[in-house]
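Peer 1: As a plain string of letters, each chain reads:
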Amino acid sequence: MNQPLLSVKNLTIDYIGDETDFRAVDNVSFDVAPGEVFGLAGESGCGKSTIAFAISRLHRPPALIRTGSEILLDSREVLDLNPQELAAFRWREVAMVFQSAMNSLNPVLRVEAQFYDVLKTHLGMTKAQARERTAEMLKLVDINPDRMRDYPHQFSGGMRQRIVIAICLALGPKMVVMDEPTTALDVVVQREILQRINELRKKLGFSVLFITHDLGLMVQFCDRIGIMLGGKLVEQNTAQAIYRTPQHDYTKKLWASFPSLHGGVLA
Amino acid sequence: MSETILALDDATKTFGHGAATVYAARNISIALKAGRALALVGESGSGKTTCARMAMLEYLPNAGRVLFKGQPMQDAAAKEIASYRRSVQMIFQDPFASLNPAQTIAYHLKRPLQLHRPEIGKAEITATIRELLQRVKLDPDIIAPKYPHELSGGQRQRVNIARALAVKPEVIVADEPTSMLDVSVRLGVLNLLNDMKREMNLAMLYITHDIATARFVAEDIAVMYAGQIVEWGATSEVIDNPQHPYTRLLLSAVPNPDMRFEDGGSDMQPDHVDAVRSLSARTDGDLIEVTPRHFARVTAKA
Amino acid sequence: MKTLLRNRKALVGLAIIATIAILAIAAPLLTEYNPATRTGRPHQAPSMDHILGTTRIGQDVFARVLYGARTSLMVGFGAGLLITLVGTVLGIVAGYRGGKTDEVISFFTNMVLVVPNLPLLLVLAAFIGQASPVVIALILGATSWAWGARVTRAETLSVKQKDFVKSAEMMGERQWRIMAFEIFPNVISIVGINFIGSVIFAIITQATLEFLGLGDPRAISWGNMLFAAQKASALSVGAWWEILTPCFALAFLGIGMSLLNFAVDEIANPRLRTGNRLGRWSLLVRNGEGRL
Amino acid sequence: QTVLTANIEPATTWVRNFNPFNQTSARQSTLDFMYEPLIVFNRFDDNKPVYRLAESFTLADDLKSIDFKLRKDLKWSDGKPLTAADVKFTYDYIKKFPALDFVSIWTFITGVEAVDGQTVRFTLKEPSSIAAEQLSQLPIVPEHIWKDIADPVTFANENPVASGALTEIPRFTGQTYDQCRNPNYWDAASLKVDCLRFPQLADNNQILTATADGTLDWGVSFIPDIENVYVAKDPEHYHFWYSPSSMVAFLFNLETANENNKKAFNDLKFRQAMSMALDRATMIDIAGYGYPTLNEDPGLMGELYKSWADEKVAADLGKFGKYDAEAAKALLDEAGYADKDGDGFRENPDGTKLSFSIVVPSSWTDWVDTVNIAIEGMQAAGVDAKIETPEEAVWTSNLISGKFDAAINSLPASASPYYPYKRAFSVADKGKTRFTAQRWFNPELEALVVEFTHTADPAKQKEAMAKAQRIVAENMPMIPVFNNPNWYQYNTKRFTGWSTEENPFVNPSISRTNPARILHLLALKPAG
Amino acid sequence: MAFLFRRLAFYLAAFLAAATINFFLPRLMPGDPIQLMFSSAGAELPPESLEALKLTFGFVDGPLWQQYLTYLGSIFTGDLGRSIKYFPLPVTSVLGHALIWTLVLMGTATIISFILGTWLGVMAAWKRGSRFDVIVSVSAIFATSVPAVVTSLIVLFVFGFTLDWFPNGYAADPSLDPAFTLQYISSVAYHGVLPMVTLCTVLIGGFTVTMRNNMINLLGEDYIVMARAKGLSDRRVMLWYAARNALLPTVSSLAIAIGTILGGSLVTEVVFNYPGLGNVLYQAILARDYPVIQGQLLIMTATMLVANFIVDVSYVLLDPRLKAA
Ligand SMILES: Nc1ncnc2c1ncn2[C@@H]1O[C@H](COP(=O)(O)OP(=O)(O)OP(=O)(O)O)[C@@H](O)[C@H]1O
Ligand SMILES: Nc1ncnc2c1ncn2[C@@H]1O[C@H](COP(=O)(O)OP(=O)(O)OP(=O)(O)O)[C@@H](O)[C@H]1O
Ligand SMILES: [Mg+2]
Ligand SMILES: [Mg+2]
Ligand code: NI
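Protein chains in written order, with the numbering used here: chain X, 1107 to 1373; chain V, 47 to 348; chain B, 24 to 315; chain P, 13 to 540; chain Z, -11 to 313.
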């Protein structure tokens, strides 16, 4: 493998409690190559989102990234960035789609304003320039640019999700973190969106860190997959290997719990 | 063929009025039979829950009937409703929300017994509760005194099932019973439902958006879109030989690890999807029996 | 309850209230003076004989403040209970029953909410004339339930949506049982907040009414102490002990109740809880054991 | 310009109302200062008449009519002449508008006529020796102004045309107003003060502040601990003098609805015992800061009407007016009041329960304290007395309607005991004023009171009063405890000539109830 | 829009109901103003003049329903009768005058404490757990829990009496005439300091706490996290995303707070002898000045209704989600 884009090393994250701490991520290491889709799977609460947050350094107290953890993006230590560098780093280099994209748009701001925010902060665009760029991005995700003056609640869930993705791609980031971007959507919409992302990825060449608990979907979409259990990364391999020849018991168990469309149970 | 226990007959339910009328369910006819499960699948907002609620008499259809053993239930007397309540039980989607956080598991199981099986004496209640918990493979000594938040999602859903079974129902309505559960425990719950259905000869309405689990649980399947049933028939028949474009679209969108996006898994064209949607949303046309006991809605080409 | 005791704010609040309650109960042991009678010369400054001095006509301020605590606590908790009871019942019934019942109750609730409370109470107290603490508690109960009813109703509406209520309905549970056993236990934190808030409100309002001379001056209470002190121009003649003592007593009790209020708030809404962990977090960061 | 700052009435804001007929809402500086009385009777100088608008009066021998002769060349403040026609107009006017007749003068007179430009004659309903005093209470208003006023009842008279010393209002705000010299005042030569200034003071605290910092020259307020709070601030200039004023007394409702209590209340021995149970010295000392004057006279004369007191009455019955706890108990024992059921309190001789409350307005704290001390004494004597503190308005209406057991009450000060007796013991007033609250009436006494007004001979008057006070003292319908002080503080920094304890030439109060305040004002002159 | 109409209908109904209570309440109070005046007017008023007084104040008793109808009519014509205590001023002018001062005092105090309290709440929530947060939260608790009576008395004692920095009463120096002069306005400001400080202390805690709690709840929202992920400056996230949205519920609490404010200002006005509505009401109650009490309650209720309505409207305007509904 050539030089990885993202390299997470020995990442350990605790949630500090009143008396005891909770280790949400335990010594996790993985790499994501440029243009690659890396999937993180595991059951609820195993620490997937915690990792995603750490990459953009979005954690707030009481989350604590333990000393010794490293997150390198393009060989730059993300954890050492100062506030200005961090501000510039966020969204330009790593953008993020959240678990509930439905709620990640500010309900009282027009869509346009939420684009403008990013474009102005990072590229210093004027309103007019930003509008142009917004239209461009919306077209990319199949949303009529005329609707940019609408408020989020006027869009359906799938549309909102696509808007978030459009905002994500507005600056052409090197990496997009997607934290269960489609859980709330039905399969048809889910499929539509993932296909769109796949196309864009091919066109724009960003890497994706893809988080979901749907293993079937993950195998379809990802190049490599990491399986998490209780904060630990228990298995990491190419998608096909995870599918065909799971090594860890937990991975096997996961597959065993999927009823398939055509047989009894998968695997 | 086993007897039909509960049926919706040409039931329609609307919300709002005037221009804002939403047809949550339109001319729905379904029949639940003893020992068989009917799966309702379809995208979010297609009216699945509405059907379930009508079946539960939570609200009455604006048009059409709810038939319980052939008896229309819309204007049944309170007494009949009470016996209906005892015969038709529901399992909810969210195992967190469907148990009262302020009451113990034992309480949850005790209430239906007290309400609907007065023949069970005080002393026997505890024994019955133990029995119920054991049946859903939970350890009564550990689980009964606990509060819902002390249980895992899978355990909670089992408690829900036990509660539904407590009154010895004839019909179970399960609205997405596993969608909130972790993948690893899903199958266990589905297996349990399957077993119960067989052992107790229950009629079951199984609602899901996951066609794969529908196949696992249900003998029959009905596909809904925008408040209408677009296709229904035996599960294997519908999945292997889909007739309606929306059913096909739905099947093609189901994640399939055997098909990488690169390998042609990404063949859903937006134009095609839109076309299917607008076609499926049309309200003209009828359910036509395509092959024996396999119906699909046929709409005249525009 | 355990969570309550683990909360530092709650602990301090409870300690304050307990202290006041104990002082009030043990009043006869702590002072030999009768709070109602003259036991010394007028306006004696605090001394060994009269720890907090004497009032204008020579009553012992310390004795009065101790016995006055009984009144404040009694009115506070009595009225608080009443307000909460009415508010909770109306709130749950309106929220759960919906429809006409809700419309009627909500109309009254909103109406009571838009009539300014203190002025109304003032008029009511004047109307009743020489409102004794018990009467004040009663009129507070009758006029101040609206806020509680409103929040309880709102909370009931959200609890009502929960599947477990649906489930109970489909099981054929009676309405009152659903309200009492399914809904009530789940709005208990709101009821708790309402209760503590009402107690604070009742204590403050009683003191205010009495301070304005609308209470029964025979009652031994903090509000009356303020009223008497103000009447005797205690500030102008430099008898600060007469006016500051009830002031601080009221403030102290208010703070205790408020702390409890905030604690219950935090327990009901864990997001608000800060607790110990942020301190521990900062410590760990300072020790270089981690960062963000 | 010399401006004298005074405080007459507490108020939260001044309302510009100088309608002299309005007794409740007009500014209290309206009468006397703005509308000159016909005559002022100086209570502090043997009730001698001081002639103001009138230069003399003549009472007919049969006491059935009275003539007032006005001074020559009197003028209204707008320069128009003031004549007997104005006086006649005024009395006819208030007959037409009974709402203006605040002393019900038309129940006292039957007619008024202007004999000539300077003389008016009133005919009286009954012979009265005090007609001049009665008739001097009402203001005289200018006909040329008032005849055009459609609704004199609500008329606020914002820019008064009047006859008194200070008629001009150059400045009036909600928080202060000035009342200045009448350009046409007949007695301008005597008036050395150009303006009176009245700052609005809402409560004791504010009054106290304004008094203590020397803002006020002339004050009539209760100041607690005055030696320290006021005098000590500037002993050279700040003074006070508290002369006796209205009498404060306890009373029992002889017609109370409570039958058991009624028995005791109607028992003279019970009333006398209760009187002896009252520790008046402590009341004065504690409740009154030592300011009131002791009143132990069962005949109600006290310090105030000392000159009218009959020493024999005091000698015979005086002991019932004095605090004597043991004697009180002994008298109760003797009368048969004993604690038969062992609850610690005495019952009626027939064994029925005796228990009553003394009502007192809640906001009158000094009285509340007084009642508390009274109750201590009564309870010590074994009588179950309690306190009840309704609001002032309720207290008043209960006293008037007789819905109470026992009360504390006051009788205003006056020139002679005639007024208190008339106020308190006229059966015609029953249920109309709070002064008859005790509901004790005695035809013999009433006859004596009438007799008093039917003679102008001081000796006969004194004799009537002596008889009257013996009846009162024997029956003890009221239990006097003290006389309220006549609150009065004065500041000699800017003005001198004050009425003082050493030179008490006039009632020093500036309040509306004292018409002699105009005399006081005329005596003041700028200091230095 | 339909929503607003419904509210409007409710407000009208509420107003009528409140007006009815207003009518009956004072009439049920024991003791009447005439007797009260009569008793305090002293001895020289003979009992006969009681009738004269009743005439003066128009206390001629018609049947109750007739009085009620007249009263309802008078509400809509704005003629609330004449005050008894401030006779013969019409109630409207008594209240109008007081209203100005209450607006000066309450308005300023509300604005100051709303802005300051909101700002403190925002900062405290943002710096969650910091020393700033601890200090602000604790002081807010203290401020909210101390009754207005106590606060005003202590403030008066410390700054009015002991230190003597500020006047103990009045709305302005009585020796100045009301005018738009610098001198008069600064005198108003100087006299307003203590009551203002008191009111602000009473009010600010509530605003701070509400805002802090709202903020904390909001800070967990996905769109806030997303705003941070977008690389926006902290300031912008705090103000444009969090504070703005957190303000919405605060605005609605403001309407309810008006009631508290009225109550708090009543006590403050009484303690500081400030010539505002609260003080007038208090005096009117003591004097049984029914017309003023009635007018006063009416005004207060109307104020509350208008405030609520403004909040309703602004809520709809501020929150696009509600526009659709
Ligand atoms: N603010 C917090 N304080 C304390 N514990 C937390 C906090 N946030 C998350 N956790 C805990 O950390 C663990 C990991 O959480 P995380 O959100 O990363 O899980 P996840 O894998 O994303 O789960 P899901 O699939 O449900 O989104 C969980 O057990 C959770 O309870
Ligand atoms: N109480 C209601 N009031 C108004 N509209 C409703 C109501 N309940 C459902 N609807 C509408 O009816 C339609 C069908 O809703 P329903 O809940 O039956 O869908 P569903 O298929 O169960 O969806 P999901 O998979 O999200 O649960 C939706 O458009 C929904 O918005
Ligand atoms: Mg997650
Ligand atoms: Mg559903
Ligand atoms: Ni009473």
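By construction, these hints were calculated from the structure, which means they are not laboratory data.
Backbone N, C-alpha and C define an ideal beta-carbon position, used for all residues, glycine too.
Hints are supplied without guarantee of correctness; some may be wrong.
From the structure, some residues in chain Z lie toward chain B, with a derived Cβ separation under 8 Å [what the hints assert, rightly or not]:
1. F(-9)
2. L(-4)
3. L0
4. A2
5. V137
6. Y270
7. I273
8. L286
9. V304
10. L305
11. L306
Taking CB as the label site, the calculated pair distances span [what the hints assert, rightly or not]:
12. P191(V) / A(-10)(Z): 42 to 52 Å
13. R15(Z) / N240(P): 40 to 50 Å
14. L52(B) / K415(P): 55 to 65 Å
15. P538(P) / S174(Z): 26 to 36 Å
16. F149(Z) / P538(P): 42 to 52 Å
17. P191(V) / A203(B): 17 to 27 Å
18. R120(B) / D317(V): 29 to 39 Å
19. A201(P) / R64(B): 30 to 40 Å
Peer 1: Hint by hint, which ones does this structure get wrong, listed from lowest number up?
Peer 2: 1, 2, 3, 8, 9, 10, 11, 14, 16, 18 and 19
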